[in-house]
Amino acid sequence: MVEQVNSFAIKTKNVSVHYGNKMAIDDVTINFTKNDVTSLIGPSGCGKSTFLRCLNRMNDVIESCKVQGEFLLNGVTDIYGDSIQVETLREKIGMVFQKPNPFPKSIFENVAYGPKIHGLASTQSELNDIVMESLNRAGLYEEVKDRMDDIATGLSGGQQQRLCIARAIAIRPEIILMDEPCSALDPIATARIEELINELKEKYTIIIVTHSMSQASRISQRTAFFHLGKLIEHGDTSKIFTKPDKEQTNDYITGRFG
Amino acid sequence: MNSLNKRLSAEKRFQAYGLFAVALSMFFVLILMWKIFSTGSGAFVRTTIEANVFFNPDFIQVNQNSLEKELYRASYVALADEVVRQNHPKLNEEQFIKVREMYTRKFDYQLRDYLLDNPDKIGQSIIMKITASSDLDQIVKGNYPRDVPEAQRKINDYQLSVLDKLTSEGKVSSVFNFWFFTKGDSRDPESAGIWGAVMGSLYALIICFSFAFPIGLLASVYLEEFVKPGKVTDIIEVNINNLAAVPSIVFGLLGLGMLIGVIGLPYQVPLVGGLVLGFMTLPTIIIASRASLRSVPPSIREGALAVGATKMQTVFHHVIPLSLPGTLTGTIIGMAQALGETAPLLMIGMVAFVMEIPGGPLDPATGLPSQIYLWSESAERGFLEKTSAGIMLLLLFLIIMNTAAVVIRRRLEVKW
Numbered sequence: 000m001v002e003q004v005n006s007f008a009i010k011t012k013n014v015s016v017h018y019g020n021k022m023a024i025d026d027v028t029i030n031f032t033k034n035d036v037t038s039l040i041g042p043s044g045c046g047k048s049t050f051l052r053c054l055n056r057m058n059d060v061i062e063s064c065k066v067q068g069e070f071l072l073n074g075v076t077d078i079y080g081d082s083i084q085v086e087t088l089r090e091k092i093g094m095v096f097q098k099p100n101p102f103p104k105s106i107f108e109n110v111a112y113g114p115k116i117h118g119l120a121s122t123q124s125e126l127n128d129i130v131m132e133s134l135n136r137a138g139l140y141e142e143v144k145d146r147m148d149d150i151a152t153g154l155s156g157g158q159q160q161r162l163c164i165a166r167a168i169a170i171r172p173e174i175i176l177m178d179e180p181c182s183a184l185d186p187i188a189t190a191r192i193e194e195l196i197n198e199l200k201e202k203y204t205i206i207i208v209t210h211s212m213s214q215a216s217r218i219s220q221r222t223a224f225f226h227l228g229k230l231i232e233h234g235d236t237s238k239i240f241t242k243p244d245k246e247q248t249n250d251y252i253t254g255r256f257g
Numbered sequence: 000m001n002s003l004n005k006r007l008s009a010e011k012r013f014q015a016y017g018l019f020a021v022a023l024s025m026f027f028v029l030i031l032m033w034k035i036f037s038t039g040s041g042a043f044v045r046t047t048i049e050a051n052v053f054f055n056p057d058f059i060q061v062n063q064n065s066l067e068k069e070l071y072r073a074s075y076v077a078l079a080d081e082v083v084r085q086n087h088p089k090l091n092e093e094q095f096i097k098v099r100e101m102y103t104r105k106f107d108y109q110l111r112d113y114l115l116d117n118p119d120k121i122g123q124s125i126i127m128k129i130t131a132s133s134d135l136d137q138i139v140k141g142n143y144p145r146d147v148p149e150a151q152r153k154i155n156d157y158q159l160s161v162l163d164k165l166t167s168e169g170k171v172s173s174v175f176n177f178w179f180f181t182k183g184d185s186r187d188p189e190s191a192g193i194w195g196a197v198m199g200s201l202y203a204l205i206i207c208f209s210f211a212f213p214i215g216l217l218a219s220v221y222l223e224e225f226v227k228p229g230k231v232t233d234i235i236e237v238n239i240n241n242l243a244a245v246p247s248i249v250f251g252l253l254g255l256g257m258l259i260g261v262i263g264l265p266y267q268v269p270l271v272g273g274l275v276l277g278f279m280t281l282p283t284i285i286i287a288s289r290a291s292l293r294s295v296p297p298s299i300r301e302g303a304l305a306v307g308a309t310k311m312q313t314v315f316h317h318v319i320p321l322s323l324p325g326t327l328t329g330t331i332i333g334m335a336q337a338l339g340e341t342a343p344l345l346m347i348g349m350v351a352f353v354m355e356i357p358g359g360p361l362d363p364a365t366g367l368p369s370q371i372y373l374w375s376e377s378a379e380r381g382f383l384e385k386t387s388a389g390i391m392l393l394l395l396f397l398i399i400m401n402t403a404a405v406v407i408r409r410r411l412e413v414k415w
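Going line by line, the protein sequences match chains U and A.
Numbering-wise (numbering that gives the first Met the number 0), the first sequence opens with residue 0 and increments by one.
Numbering-wise (numbering that gives the first Met the number 0), the second sequence opens with residue 0 and increments by one.
Treat the hints with caution; some may be incorrect.
Claimed, not checked - In silico DSBU-like pairs for lysine-lysine, Cα to Cα no more than 30 Å straight-line: (1) A/Lys227 - U/Lys91; (2) A/Lys140 - A/Lys97; (3) A/Lys310 - U/Lys21; (4) A/Lys128 - A/Lys140; (5) U/Lys12 - A/Lys310; (6) U/Lys202 - U/Lys10; (7) U/Lys65 - A/Lys230.
No lab work stands behind these hints, which were simulated from the structure alone.
Using the sequences provided together with the hints, build the complete structure.
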């Protein structure tokens with residue numbers, strides 16, 4: 000049982016989220032296994048993005064958002080507790096957003112920014128190494144190595160998103176949250192990112208929100224189905240997509256609603 | 000089909016009205032420009048009379064060994080009179096007074112300045128172009144009619160005959176009026192310049208910028224990024240917007256009452272003028288800065304927060320640099336408005352007759368618009384062209400500042 004606790008990257012229990020009086024997440028309990036890709040699927044407005052953003056406290060900035068419930072990082076650290084600062088938390092839990100959002104600075108600066116503010120590199124050459132390694136791991140290095148000083152917003156959409164992934168992994172997180180990272184990309188760029196996610200799961204725990212069920216089935220080991228703020232079903236992807244326990248899940252994945 | 004024709008002709012009519020409105024406003028702008036330029040261009044040349052100047056040591060009581068200080072302190076009035084007598088031989092005393100009036104009153108200073116630059120000319124003769132009096136200048140430029148009765152003329156018949164004689168000898172000529180750009184104000188139109196007012200305005204704008212820009216930027220960053228929205232911020236927001244529409248003379252009164260009255264800062268100095276213009280510009284800067292902070296996409300803030308930046312790092316590393324072009328543009332436009340503002344300067348005394356060119360923000364000074372206002376009130380015809388020329392200079396500065404604002408926005412703005 001002790002082993003079981005340690006194999007979870009994040010454990011959550013009885014999570015409820017309200018925007019003002021409106022309930023967005025209703026009593027969700029879900030654990031995320033380490034070094035797996037977990038997909039959160041469900042129709043629009045089901046609360047999957049809200050739930051994802053609770054995991055690294057990105058909802059803190061939204062005034063009306065109230066989060067209740069238990070969140071444990073590696074089974075011990077309370078994510079909303081006093082023992083961890085939100086900046087340290089986000090160093091451990093990185094995030095990639097729906098729309099690529101590189102800083103309008105050079106490609107190098109984009110990746111180097113995180114390591115710089117967290118003091119991960121003491122010399123310039125260390126910083127160069129981190130940037131190079133991160134870009135390499137994000138599969139972007141070969142494409143941009145000759146133009147590291149060019150402004151990042153000049154890259155293509157798919158390159159920008161891979162740059163954002165490089166930016167996220169440059170601070171050596173344990174977990175990467177991805178909020179529909181391919182929804183603004185064309186099929187080729189999407190395939191490239193999916194390939195990348197497959198490689199990254201060796202080192203990181205990945206939790207990804209996606210609208211595409213085929214994507215969920217391609218890239219994830221675990222899938223959680225949300226509907227109207229409730230977690231309907233959570234389990235191995237192969238099981239969810241072949242013989243789900245719940246009628247609702249079956250209806251959704253076969254395209255009967257959503 | 001009939002109704003379609005009706006709608007189409009309605010559109011044609013509407014376009015015709017619009018074209019007419021644009022043409023009419025262009026016409027008024029052209030009239031304004033033509034009036035200013037035709038009146039003001041005369042200020043850039045001044046009439047001179049050629050004369051032989053013999054720097055006779057006896058008249059100025061100096062010699063070749065005199066120090067610069069002595070040359071500076073010496074009186075050149077007698078020498079000036081002597082130059083006039085030499086240039087017009089055989090004058091009786093009454094005629095001499097009339098002829099002396101044709102030269103600028105201050106030409107003893109012109110002689111002194113020449114000698115200070117060329118001390119070796121003591122005891123020697125040179126040919127010098129001596130500035131004519133403003134009244135003669137206006138006659139030569141054709142601004143005063145010659146064919147009216149003598150009693151209505153500032154230049155009498157005898158002076159006119161002398162002028163015609165000088166003209167026929169080729170001694171009357173026009174030179175580019177550097178004085179207008181290098182001198183301070185003067186009672187005599189021919190030696191009045193705008194430089195003192197330009198420097199006064201420059202010091203005031205420097206003070207205005209260094210006071211209003213940091214305060215405006217910090218206030219807007221705090222209001223936009225850090226403070227929780229609530230009743231108090233709503234009230235502040237409404238008040239900032241209202242302050243932007245408060246008549247500028249009210250800010251002048253504030254400066255007079257508070258800065259000069261309570262704090263005890265000196266009267267008619269650019270320091271106070273700049274602070275008052277700063278008060279006036281603050282709301283403009285805050286509004287522009289908040290708008291440009293708001294236009295930074297939230298995704299940039301999220302991106303920075305997601306890699307573990309603190310709120311302040313997010314704001315200072317990413318949000319402010321991206322909003323700066325908009326803030327600077329707003330600031331420059333606000334300062335361009337401040338440059339043309341006369342009323343606050345009137346209230347704090349920057350509208351006095353100041354001959355000296357101010358050497359710093361604590362020297363008495365006028366501003367460009369108040370100098371124009373002063374000249375426009377003067378009776379002499381010579382100040383009329385100075386007024387228009389001053390307006391031309393003011394417009395030039397405004398065009399430069401507004402162009403700078405556009406260039407900054409184009410160059411630095413990030414395209415999303």
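- Task: Please work out if A/Lys128 and A/Lys140 have their alpha carbons no farther apart than 30 Å.
- Result: 17 Å, holds
- Message: Check whether the Cα positions of A/Lys310 and U/Lys21 lie no farther apart than 30 Å.
- Response: Distance of about 27 Å is within 30 Å: holds.
- Given the hinted pair U/Lys65 and A/Lys230, is their alpha-carbon gap at most 30 Å? 22 Å, holds
- Message: Just to be careful, I want the Cα atoms of U/Lys202 and U/Lys10 compared with a cutoff of 30 Å; is the pair within it?
- Response: Roughly 19 Å between the alpha carbons, so the hint for U/Lys202 and U/Lys10 holds.
- Query: Hey, A/Lys227 versus U/Lys91, does the alpha-carbon distance stay inside 30 Å?
  - Reply: 28 Å, holds
- Query: If you draw a straight line from the CA of U/Lys12 to the CA of A/Lys310, is it 30 Å or shorter?
  - Reply: Holds, at roughly 29 Å.
- Proposed proximity, A/Lys97 with A/Lys140 (alpha carbon, max 30 Å): Answer holds: A/Lys140 to A/Lys97 is near 20 Å, not above 30 Å.
Of the numbered hints stated above, none is contradicted by the structure.
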